[in-house]
Amino acid sequence: MWANINILWEAPGFLVDLLANGLLIGSIFALAAFGMALVWGVMNIINIVQGEYVMLGGFVTFYLVQAGIPPLFGVPVAAAVLFILGWGMYRVVIHRVVDKDMFISILATFGISILLAQLTNELFGSDVRTVEAGLDTLQFLDGMVSISEIKLLAFVLTLTIGLTLWLFLKRSRLGQAIRATAQNPRAARILGIDTDRVFAATYALNAALCGAAGALVVMAWAIHPYIGLPYTVRSFMIVVTAGLGNIGGVVVAGLGLGALENLAGFVLGAEFQIAFVFTLMVVILVLRNLLLRRQRKYLK
Amino acid sequence: MNRRLALYGAAALVSLAAPHLLPNYVSQLSMLWVMILFALTWDILGGQMGYNSFGNIVFFGVGAYACAVIQRDAGLAYFPGLFLGLAVAAVLATLIAAILGSGILGLRGHYFAIGTLGLGIAAGELASGWDYIGAGSGLVPPLYPGELGGRELFFYYLFMVLAVVTFVTLRRLYAGRFGLCLNAIRDDEDKAEAMGLPTTRIKTLAWCVAAFFLGLTGAGMGNLLGFIDPRDVAFAGPTFGVWMVLMAILGGKGTLWGPVLGAVVFHVTQELFWTYLLGWQRVALGLLIVGIVVFFPQGILGWAREHWPERFGHRVEEKAS
Chain A
1 MWANINILWE APGFLVDLLA NGLLIGSIFA LAAFGMALVW GVMNIINIVQ GEYVMLGGFV
61 TFYLVQAGIP PLFGVPVAAA VLFILGWGMY RVVIHRVVDK DMFISILATF GISILLAQLT
121 NELFGSDVRT VEAGLDTLQF LDGMVSISEI KLLAFVLTLT IGLTLWLFLK RSRLGQAIRA
181 TAQNPRAARI LGIDTDRVFA ATYALNAALC GAAGALVVMA WAIHPYIGLP YTVRSFMIVV
241 TAGLGNIGGV VVAGLGLGAL ENLAGFVLGA EFQIAFVFTL MVVILVLRNL LLRRQRKYLK
Chain B
1001 MNRRLALYGA AALVSLAAPH LLPNYVSQLS MLWVMILFAL TWDILGGQMG YNSFGNIVFF
1061 GVGAYACAVI QRDAGLAYFP GLFLGLAVAA VLATLIAAIL GSGILGLRGH YFAIGTLGLG
1121 IAAGELASGW DYIGAGSGLV PPLYPGELGG RELFFYYLFM VLAVVTFVTL RRLYAGRFGL
1181 CLNAIRDDED KAEAMGLPTT RIKTLAWCVA AFFLGLTGAG MGNLLGFIDP RDVAFAGPTF
1241 GVWMVLMAIL GGKGTLWGPV LGAVVFHVTQ ELFWTYLLGW QRVALGLLIV GIVVFFPQGI
1301 LGWAREHWPE RFGHRVEEKA S
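Order-wise, the sequence lines are chains A and B.
Letter 167 of the first sequence, counting from 1, is numbered 167 in the numbering used here, and no numbers are missing.
To convert, take the position in the second sequence, counting from 1, and add 1000; that gives the numbering used here.
By construction, these hints were calculated from the structure, which means they are not laboratory data.
What you were told as hints is all true, and nothing was included just to trick you.
DSS-like, lysine-lysine: derived pairs with alpha carbons at most 25 Å apart:
| hint | chain 1 | residue 1 | chain 2 | residue 2 |
| --- | --- | --- | --- | --- |
| 1 | A | Lys300 | A | Lys100 |
| 2 | A | Lys300 | B | Lys1191 |
| 3 | A | Lys297 | A | Lys100 |
| 4 | B | Lys1191 | A | Lys100 |
| 5 | A | Lys297 | B | Lys1191 |
Note that the coordinates shown come from a computational prediction; the quantities given were computed from them, not determined experimentally.
Looking at chain B on its own, in the form it has when it is part of the complex (with noise of 0.2 Å):
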């Protein structure tokens, strides 16, 4: 217990202090925590209930377009616009999830992974043909009113509350009730149903936690970029879309770490590499999944599982002689 005390200890001390100790990379460590609340809320469903979602990117652009659209009409300062913005991005987003969620919930399998790929694209191509909101031409989030440098430090400090935050609450409801509820619907989901739960109503739950939290991280997400594309940013479908169905993969889904470990990972190394690929980055994506798809389907830790039972609390059994 103290162990793992220290090591919290040691991870919350590294986060805070790590925009201090590299002041030129304080955007790329945002994007980290970004990363990881990516691959943390995918993992909701895609790992513990086991519905794989390509659509979870729509929160996060109803999130990003919210916020930025209070900012510009509300009339408001930049800090209260902010707050009213992410509140108001947080709960649209859930919103949608509750609504769409009783339908596209009730699909399974391949069809769900299908449905919510097209409810993903579908999203971006309306929103680059709505006029309201910039079209194909984007929004621009308002100036942050500090000094230089200040922008970053802030949407840093606010990214890592949210992951934390995002964090510890998947880890409480994981540990609960709920969590065996996701994991029954993800072992069987007719035998759950049967067993008395409300399965439509706890997928459609686990969507809108998702949806909160990717809604809040979207918001944050325009304005620390400074402007909003609709399909490049807001419903990236092709990076960040795909990008947190890897990192949780790679990290192991299904876990709490993994997906943390997988989007460090992911992202320590994009940072690293993918500027000498010139823009061969998409390409080196592409062979990316295929090669973690097909080769390593089961993650860092569930690697390290296989390999190393006992530590993960796992009675290994003794061979018979």
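In isolation and in its complexed conformation, chain A is listed as follows (with noise of 0.2 Å):
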């Protein structure tokens, strides 16, 4: 650990590159975490389900890939195949749990997102996949930092998606319904919003930003089928950390968590990556619930 660190401060181009890198994968997983915070603010759900998304995301780019179709054109149909997945997810399971115990969505998302690792496992096998994108890399500073190109369009499309969502929450009716039923469900059903309607357009809408954010975790990285729960634990991670309904909060709290796994997984090890995940997941929570303890309040 501390050979690694020398290595760092010998060579800031290293840590310049492990960060910048860090940064842009943290835009995908601010991408996830969009759709986490949707669907927590509006239904009061924590969707577990979130990785398995992501997962099927790079699976369905991964298979248009192999029938010969550009991998581009991945992250519009990976999220169009997981928004009409996500809706009907919604029709099946989550509408009868929307207005349960917090525990009981919880526990009924966690058992979708075995269902479904499984399932892909059984199904296409357990091989780790990726997907060339056909992009070059960038060098900089006499070839020490070194940025793939599909990395800065995952940073690019981030911020996209995060200004459309932002607008369409803002400008758009169905946004406003959205809006609307995430402050008062009953309140915004006795003015005529179709409650029900809405849900189930925040849920696949939830699916269709993770099922993007697959289509590009596939192309910049690799996926198999368990790699499910560190997304839901990253976007929760952000989401918590940024606050609900801070748009502008998750993408930095993403970029900010990428960075940081980044430098993590290289000081620490490979090995214990996901393990820093985790364990700084269960960190931030207790601080946060330790400075709120202070004024007698706790995390709600």
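Each of the two chains sits in its own frame; use the hints to bring them together as a complex.
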């Protein structure tokens, strides 16, 4: 561990490389976190399936490329497929747990998450898959810093989607209905908003966002059936840090998490990277709660 | 009262005789006791106190590793080593619960659920990267010295005694002031605190009780299986960690017999049918979770209570005509 820190000290260019790549990867985390914040804020459900939607988005892209379609088309197609899947999932399971106890919805989505991960494993096998996006890698600082264009693309895409989402929620009819439902579902229903449809649209939109994130993950990184839960935890962590209904905060927290994780993965060794993510989440939760505890409040 | 005594007697007789009646299934029967222990200890927090933990598996894993490390390094004969290991496992698990408890148990509701979920997975990942305890390739506890089949029998009775002790302890705890405190925290924690209950201390104590018995279970389990894998045995969140929640809910959480009933039903079904699923077990597990949680959240005992309330000592109000 100290040896690794020393390397970073000796070669600051490498540190820049780690941080820059981490920031760009963090933008993919932020994309999945948008969805989680949306579902959490509007439906009061913590969606553990999040990561599995990311994983499935990656699989959709992978098989599209196998069929000979250029990988960049994978992003919209994965989003569309996952939108439909999310809508179906809402109709079959999620609408039964919307107004139930929080624990029921957590456990139900946890069940779906296990179901999807295992189903994917049985149907497609547990190999690690990746897709060659066919883009170049940019070099800076005499080759010390190398950034692949696909990660840059992911970064730009996240910002664009975040902006679109913000405009959509502010301006569009459905966006206003979603915000109204988030504030007070009962009042929204009285005013003639079909909250069931709003919930379905929100949930499907979340799945679509995750699908797009998954398409980027398979191009920038790799996927396998059990990759889901870390993504869920990352989205959760980002939302908890940023607070609900704060799209800018989600982007910043996502980027920060990506950079921190990439750095920790190098300093502690790659085998501890997942452990770091989960431990960091527990630490963030406990710390935030302790700070609130001084005012005799707690995380709600 | 006599009927109840007869019931307990019959249960004791069946439990004592079972390994001799079904000599080929002793290890499955031992697993049944382990499942009962899982469900019972989960229900202390999940059912009685309303804190739904997905991370209780941590204490199980800590127990398994602590015992195996003691057996490996203490240089004692098998049985002294095992019993020292059991003791250390229980103490260490309780200690960890006490240390973690003050921070983690301050979280409430879904934050607690997700926080503990993270805790369980983090522990598994850490264990599989730590060379001292065998890292990813796991640990192998020493071989049982007795004759063939003696190991299963020994651990069957060990787990049986442990489960009975746990059951009796919890029964006593729930019947007294402690149980009332737990229920008060479940029903309204702020009010309980305002009434002067030291809620943090009670919550931590409850977690310590669960950790104590889970640590012992883990220590025995490592020896029964003869192999400790960090992700698939010790910190097996997706299997044991979820099963304990599922079994408690299936039987009816917040009751004493519910988790026992749920564990028996779950384990027997699993042993009978899951071999036919050929690798699709975990898919079935996912379906089962969704099904039970969405359609049957009150559990078997909760359902029975709705249908025959008078049997549970609830007075049924006569409808005013």
